[in-house]
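Number of protein chains: 2
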Amino acid sequence: MPEYKAPQRDIKFVMQELLNCEQHYQNLGYEDASLDMVDAILSEAGKFSEQVVAPLNQSGDAEGCHWNDGVVTTPKGFKEAYQQYVEGGWPTLAQSVEFGGQGLPHSLNTAITEMFSSANHSFAMYPGLSHGALATIEAHGSEEQKQMFMPKLVEGNWTGTMCLTEPHCGTDLGMLRTKAELNDDGSYSLTGTKIFISAGEHDLSDNIVHIVIARIPGSPEGSRGISLFIVPKYNVNEDGSIADRNAVSCGSIEHKMGINANATCVINFDGAKGYLIGEINRGLNCMFTFMNAARLGVAYEGVAAAEAAFQGALTYAKDRLQMRSLSGVKNPDGPADKIIVHPDVRRMLLTQKSIAEGGRALVSYLAQLVDIMHAEKDEKKKAAADTKLALLTPIAKAFLTELGFECTSHGVQVFGGHGFIKEWGMEQLMRDTKISCLYEGTTGIQALDLLARKILGSKGEILKPFGAEVTAFCVENSDNEAMQEFIQPIMNFGRDLQKMTETLGMKAMQNPDEIGAASVDYLMYSGYLTLAYFWAKMAKVAQQKLAASDEDKAFYQAKIKTARFYMQRILPRAAGHAACVENGASAMMALDEDEFSF
Amino acid sequence: MPEYKAPQRDIKFVMQELLNCEQHYQNLGYEDASLDMVDAILSEAGKFSEQVVAPLNQSGDAEGCHWNDGVVTTPKGFKEAYQQYVEGGWPTLAQSVEFGGQGLPHSLNTAITEMFSSANHSFAMYPGLSHGALATIEAHGSEEQKQMFMPKLVEGNWTGTMCLTEPHCGTDLGMLRTKAELNDDGSYSLTGTKIFISAGEHDLSDNIVHIVIARIPGSPEGSRGISLFIVPKYNVNEDGSIADRNAVSCGSIEHKMGINANATCVINFDGAKGYLIGEINRGLNCMFTFMNAARLGVAYEGVAAAEAAFQGALTYAKDRLQMRSLSGVKNPDGPADKIIVHPDVRRMLLTQKSIAEGGRALVSYLAQLVDIMHAEKDEKKKAAADTKLALLTPIAKAFLTELGFECTSHGVQVFGGHGFIKEWGMEQLMRDTKISCLYEGTTGIQALDLLARKILGSKGEILKPFGAEVTAFCVENSDNEAMQEFIQPIMNFGRDLQKMTETLGMKAMQNPDEIGAASVDYLMYSGYLTLAYFWAKMAKVAQQKLAASDEDKAFYQAKIKTARFYMQRILPRAAGHAACVENGASAMMALDEDEFSF
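Those protein sequences? They're chains H and W, same order as listed. In terms of the working numbering, the first sequence opens at residue 1 and continues consecutively. In terms of the working numbering, the second sequence opens at residue 1001 and continues consecutively.
For the record, the hints were derived by calculation from the structure and aren't laboratory data. By construction, the Cβ of each residue, glycine as well, lies at the ideal position given by its N, Cα and C atoms.
Distance ranges between label pairs, derived from CB positions:
no.	chain 1	residue 1	chain 2	residue 2	range
1	H	Phe598	W	Gly1467	31 to 37 Å
2	W	Lys1330	H	Asn20	50 to 56 Å
3	H	Ser59	W	Asp1032	55 to 61 Å
4	W	Gln1084	H	Lys47	56 to 62 Å
5	H	Met509	W	Ser1458	50 to 56 Å
6	H	Glu87	W	His1066	38 to 44 Å
7	H	Phe598	W	Lys1382	34 to 40 Å
8	W	Ala1062	H	Asp270	26 to 32 Å
9	H	Asp594	W	Asp1239	56 to 62 Å
10	W	Glu1423	H	Lys47	36 to 42 Å
11	W	Pro1220	H	Gln557	42 to 48 Å
12	W	Gly1240	H	Phe598	44 to 50 Å
13	H	Phe598	W	Ala1468	29 to 35 Å
14	H	Lys47	W	Asn1331	52 to 58 Å
Construct all of the structure, not just a fragment, from the sequences and the given hints.
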């Protein structure tokens, strides 16, 4: 397994030089988040991910979690590493000062989660889920609930989960059966079975706080009758101390393709005591707040996977000697050339590099929008950020996880047959990353959310704020000759996207199946184009830096070269997706169910 | 795990209706291969794969192979199943009558290997490797060697391997270090270590016959100094009976992403007794004969994977209820609609279906070319078949395994989160199939073989026989209105391929790196186009059948609808590859090695 090294230089480039986080944090009143502080935190997080989290990645995969009569034990070393994580104060970073947090910006925290996720996908999920539970309680819980649960979750000695899925429903949560019956004391008794509960049971924390969706008897059917509850593993006294065990148990853990060190649990609620959060029957709306954040978190996993696979493949490509370059011997003293000289190996490496770095720019931009949602006072700015987030979150989630997965596959291919062998660590990246294309809504579901609910649902209004930003950038650089190779493709593909959207809008009025038939190709097209915009912006910054001084010359030149690679060798894929969209739904709807197989 | 059902109707459509195997077998003198015989064999093989081989697939994956002090044990049930396989006479099917075979056509045997491979990739590899060893001995061995090794290999009581790879060389076999020193009796003593030897050691057979490449001291360096040897696990007496153990041992088995039930071995030769096959220093040439067959075998694995994933996903999509169709409720009595009503689920299913069926047509066509290579007397026909095989084998191997892998990924996506859980069997298909993109030459190596060695190496000559066939088909159908939707795209994409090839030829003269930079996109483009040709041919047959009678109407209509789906929703992807090829090598060659990471 190649060693993980946190990509400090590139993270700083994105946060500081591309997205000017110093100004951004100041504008939002994050006074503590000075550049020095950001640097220090990134540096410490890098060390922690490299030295504590990464070394447990392969052993955690090999050992997996253990289930014994409802008790789940994480792999060797996980408990100690998590303890160090808590002692280092990492869970508190972006949490409210009121509940013991450090009150630092959300986007600083997510930059760090990228590192943890590259280092060890399974490990990073434990704090990730606590974060979701915390965000839900903070947004929708009562003052009493916040006081009861948040401090321990913030410090990390308790962890959280999100309990949504049931055996017969995942995407279609309106079908859920878990029921919540009102008790005399105002609490509820929850009964039902939830599956696929990540970190649902484990030995890392003193208590586990489940956020559960359930139906109160008499509620409307479907998604309008869903309410949200807090159900702790151990009941909690009013002073916040732990009381008796609640009727929540882990029935089993799943045997999975990957993320073996994260316990994916069947959780049984047998009249478990729970507390309503938010209004009755408004549970799904409360979940949506959280879901955007969770989906952005998964988008980060795509970036993290591309980065990890890139690092592994690059190390190998610089070391492995095999065949001579077609354009002449490059390593005359050796028995063969390093495989990094071969164009097709470079194609794979640069695909990984351009997705990792381009994806990092996109998710970091989104994380800044989340900062704005948290801390901006100006409602207009907040609304614009909200609209951009709504548009770009499903794109980032689906596109970056699909491409992240592709990058892990390139990682295996660069290693040849060795990529298939566990010892090298590349195949684990593929297995771990596949989940990111599935959970928090599959690629297909993200695509429907984007095209049906958001773009067509808003009659295209949702495209405007981000579209205006991209257009302004193109206009701003229309006289800049050095930028034309980056601007022109964006303008061309952008124009086609607009036409495609209009055509789809008309077609959908005739036949709604046109939406589902186009959705994934449309999303992928949008993803390639969105990343092109961020690559153009990065190229611009690099050009400015090169013009200004000789410092870090190679870094900025490489940035421009990678932008060029992206424009020439990745973005053109969008053309294939456009052609598929154009051909419409009829071919895929023509077969009767019985005609699929004979 | 969904049950595997051999796709008898479709295999017969391809062999009998599309490729007219009756006539083909008669022309080549395969008198026993009547339609009745073909039907009977396919039917029996189907039952065997469904009832004996498939049930061991999941348990074999979970248990894996065991290594204990050089002894390798296959998972529970494998030994018994292999014994049944031998007793059923399956290994003998396409082998020479002279050595105990049934003398049936090669293409009949490969149709069956598709079934075995869908049912259980790991199991199917054991006989697959024997087949490679047999083919090598038959083509290049002396009469004495044939008598000594072939009868037992043919009956299946001995199995074979191909020992090529060493730790420091896979693709670049010229670097191999295993040495073969001449003994006084004319045999050789082999010393060295081979890795990634599939079926290198196991408990299925009485003896294992290794085909080994090694260097005789004093031979030229590089690939011109490689010779080929037969090295049995147990030495063999002149009467063919087993003698003492040879100095061949299994040092360990690999822990892998997939194909866990097939033992991937480190094989140590410690002065092991071996027999030269063919001429000294011509080993790599001998290997090439075999390699085409092996690569076609791997292409079959791509088809087999697509088929297995399709079957699993289709069963689930007809059963799982989730969400309502955008175009109106389809299952009013249920709580939700079957997911097969959703366009995006259909997109994935039809991608699988069109790749499985289109791929089956392509590999079956290639298998008939192999028949011609074995049995045709007319040297001109043989030469044309050889040229087509040389062109299409790397395309089939790389394109169908990449697409087969994609189809297994769709299988997981159709299942949503359940796809990630081992119990359902979908993730195993992904893990098992990934190896097909790696072994027998990675996708990148196939692409170089196609573009550099074969197309540019022959100045395009190699394209002519198959190109003429496709053109003739298009011309033949130019007045057939119903065929235009299938013919036009082939002509358009075909024209672009020709231009692309010419441009690449010119660019490559200036800069050979243009070849490597274009190769994989070029191969994928060629693959999409090649499959379009076979889909057009299948549509034609279906149209003729529909015009002729009412029999099997739904089957033929579905064929035409699937052809349409392929043309409208899969073939357009080629446009993206063309755009990437067009943009050339400069962007990927621009970065210095140090500029990849900072």
